[in-house]
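K.L.:
Sequences listed follow chains A and B, in order.
Each step along the first sequence adds one to the number in our numbering, with nothing skipped, and position 417 is 417.
One rule links them: number in our numbering = place in the second sequence (from 1) + 1000.
Just so you know, the hints here were simulated from the structure itself, not pulled from any lab data.
Heads up, the beta-carbon is just placed ideally off N, CA and C, and yes, glycines get one too.
Simulated restraints on C-beta separations:
1) Arg13/A / Ala1016/B: 29 to 37 Å
2) Ala1207/B / Arg20/A: 27 to 35 Å
3) Arg417/A / Ser1077/B: 24 to 32 Å
Straight-line Cα separation of at most 27 Å, DSSO-like style, residue types lysine-lysine; simulated pairs:
4) Lys324/A / Lys1154/B
5) Lys406/A / Lys324/A
6) Lys383/A / Lys284/A
7) Lys253/A / Lys60/A
8) Lys30/A / Lys406/A
9) Lys1154/B / Lys30/A
Where chain A lies over chain B, by a calculated footprint (3+ residues, C-beta under 8 Å):
10) 1066–1073
11) 1106–1114
Next come the chains, spelled out residue by residue.
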Amino acid sequence: MTAAWRNPSRALRTLWRIQRMAVLALCAHKARSLFVVAAVAMGVAALTVIVASVDGARRKALEIVEFFGPDAVMVLGGDIENRPVGQRVYTLTWADARAVARSLPGAYAVLPMRSIRNITLRYGNQNHESPVVVGATENYASTWNWPLAEGRDLSEEDVAHGAKVALIGDEPARQLFGDASPLGRTILVKNLPVQIVGRLAYRGLSGGGSDVTIDDRIIMPITTLTQRFNLDRKYFRGLRVKFHDPDLIDVHKDNLRALLRHLHKLGPTEPDDFTILSASEILKFLTAFTGGLVAFLGVTAGVAIVVGGFVLANLMFLSVSERKTEIGLRKAVGASGAAIAAQFLSEALYLTVAGAFCGVGLGVALGESLSRLGLLQLRLSPKVFVLSLVAALSIALVFGLKPARKAAAMDPIEALRGGGD
Amino acid sequence: MTAHKEAAGRPAPGQALIELADVGRTYVMAETTHAVLAGVTLSIAAGEFAAVMGPSGSGKSTLLHILGLLDRPTSGSYRLAGRDTGELSDDDLSRLRNRAIGFVFQSFYLVPYATALDNVLLPGLYSDMPGSVLRRRGEELLAQVGLTAQAGHKPSQLSGGQQQRVALARALINDPDLILADEPTGQLDSATSAEIMGLLATVNREAGKTVIVVTHDQSTAAYARRQILVHDGRVAKS
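Excised from the complex, chain B in its bound form:
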């Protein structure tokens, strides 16, 4: 458990937050093996804003899942904040996801029966943050994304852009170092997309969070300062 604290500790800006070394991910399907990722070596420094791009089926989603500790590489190693994640148990990975990574998904994935504020608080409920601190933080984050008035609304009462802003606030509730966004603008019109990407850029610039966005959309990727191109399970250009 002490190891987690190190992992969750702030790395100095510029130091590598993410180090993938020769990472492969193969799936076994009915006697045939299918390599989705092969030999991915990638280093992302703390404080970067990177876009992972590539056509569908290129393996960019799998890469994001591995970066987000939702999936494990079948070969190679992944060091997050200097710590080899291959040694960690599933429960260790859960705790690490909880405190070190914030997720934003294409389909928002808000709990439909919970209010906006409760959705924002959700990752905090699995953390060690005291309830009062958590609640205050949730309200602050909702204010930051401009949804104070909608705190008590259910997701069905919110527009797509509002839902994604709730999701972004949720991603920030445990103050993680890394924000992973999987096609965050995939279901939004261009104006709302710009809002969300603007918010992500602010989070990167002002809070110093490392932001990685997976997208196939050029205009979304343009917000990032670094483009990583994935093709056929390999990093074609980074």
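So here's chain A without its partners, still in its complex pose:
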């Protein structure tokens, strides 16, 4: 090992021989080896789950942001966070929508919306209970960044004439028409015959924990909806506003809020009678639940890895003192201190790397069951394996170094006598 650079091939051969000795020694102490592997595996399993779930949450968050659009806000009537008693939910008017479209700087699309819930759709002898029928103005799909699989978006004329047309979501289209195209077909929405003019592409996103997919919906002109289903004609439930510059979204939100407070004639001390949500608030809402679990897992992973490290260090110290005569003998017959240290570090490394592999396997199994229970959304990536290996190497180096150095520093005579700690 001395001056290895002077003869790299010799150093490599020695290192290779040391690896074989390390493996032999590990096999000779199976119970102890398994204990270390298990301890490290626990830590790495926790790490795997945490990394995969953080990745899963981030991926979900990105999907939501992408779906919602970083350049848009959603205005809802009423204060949904505080819900003051007796506050009206229907506070947004057509006048508000027109004012926003006309005078809010940076805004380019304003989409008023309202909806009715749990409506039965019928086509022929097929029935489908749709959780939501949305009424919206023109360009619903493009304002929601929602591609159309076929057909066209709602048009200005549809809205102006209260036309009996609709866009159909992927879920009801599948239920009512199977693989056939729904375009041009007329379905019954409750009792209203409506012609399908467009089909929304599959989105596959289920909102915060519920199993209702956003693909399960029908969209018709808001005028049609209010007239045919006898809804209040003055107000609507939500207003989607898109802006040109997503970087200025916070400024836009402030402007919008000020404008709406002005339009609603709210005094300085009165609370908002509306709520403005942007992608970041929706995320906050959705991740509040998983956040706690993620933090808990993070602490668990950290503790488990440190515990694994201490188990390794302790069992290595035990090993070093038990194998004192072996160490003394090796030194007597010509092993350098570096060769001894290399052997013990290699032993540590093999154990922790084996622990890492078992741990990733365990973590994947654990994660599978957690995500099957719907507690976490997991995303496994090569990063998990890399991180686990890095953790394993760090454990071996951080916690294995001291015992290895202790072995390397042993005086051969003392060690052979079995004493000399």
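With chain A fixed as given, assemble chain B onto it according to the hints.
P.N.:
Quick look at chain B alone, frame taken from chain A:
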């Protein structure tokens, strides 16, 4: 590193392999110094078979440790094959032990989880010998000590005499000039002791190795052609 090659080179028979000049070894223990060896001057020629004798506590083990480069003198000088060992670093000493000295111990010190053959090969694994050569040599040496059939046995499956024969084969694996045996028969009955000493005598006679045996047992010492008596840390008679 070139210096090592000189040190490991074969000295001509008769030339001094070991030269101790006024060697002392003192231990400092809780403010008192304790001299285990003092003023030892000794010369051992290549090819000799010597026994170092003396009562326990006389310093003979310390002398053996110094001769085996496991310990350094606190005063005086030790020249091995003409080279002053006081100038060498710990790693240099490791390499020199590896190639120039073979050890046989009272308690055998075999690695318990390795087979007889692997134990024989152990010093070779820290040397530059290619693996195939090493393995062939190990098998030959096991044959020489009559343990071919036990090559795959663990030490726990071997008798004391067999274990010491494995240790002797291990001492020879790197073809060193010097064999140091520390009470090699201390844990063996007289018949097995005779076997081991016979093997050491053969190694001395036929392979020309310098053999130094530390013992307090007269019958063991009788195999040697030269007796060195150590008493109170000094060479009383050589």
